[in-house]
Amino acid sequence: MTNIRTINPSTFGPALFPYSQATVAGGFVYIAGQVALDDDNNVVSPGDAYEQTKVTLDRISRVLAEVDGTLEDIVTATVFVPSLDHLPEFNRAWQEVFGDHRPARATVVAGLLIDGLVVEVQSTAVLRQTS
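In this note's numbering, the protein residues as written are 1 to 131.
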């Protein structure tokens, strides 16, 4: 039997689609694409890549807190934006939040599922070793 655990923080609104916010398996946390939604599933700062990046990374941080992790545990991320015009403000917020930590990252230009969203981040983190 496979040992896979799902994570759905109680502070998040209900998932808008049939998925978990993250799954834990094989020493990693696989975090679903996170976007700038408040806890009632309203889009935060429509069209503002800087603010949406901050909110999105906060959501990722909250998912990781469920397994005693932090953003420092992120090893890779895939970023989705509807236009490369959003990258300068995305990168500014990303660098402010991550500081010197530099996870591997890919950027994809893609349509996002909810009007007003301009940033989505899917990521993978390593689980911290517990003694």
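Some hints could be false.
Said to hold, decoys possible - Across the chosen pairs, the derived CB separations fall in these ranges:
| no. | residue 1 | residue 2 | range |
| --- | --- | --- | --- |
| 1 | Gly27 | Ser83 | 32 to 38 angstroms |
| 2 | Thr23 | Pro103 | 14 to 20 angstroms |
| 3 | Pro88 | Thr23 | 20 to 26 angstroms |
Calculated from the structure, these hints are not laboratory results. These numbers were taken from a predicted model, which means no experiment stands behind them. We put the CB at the ideal spot given by N, CA and C, even for glycine.
Broken hints, by number: 3
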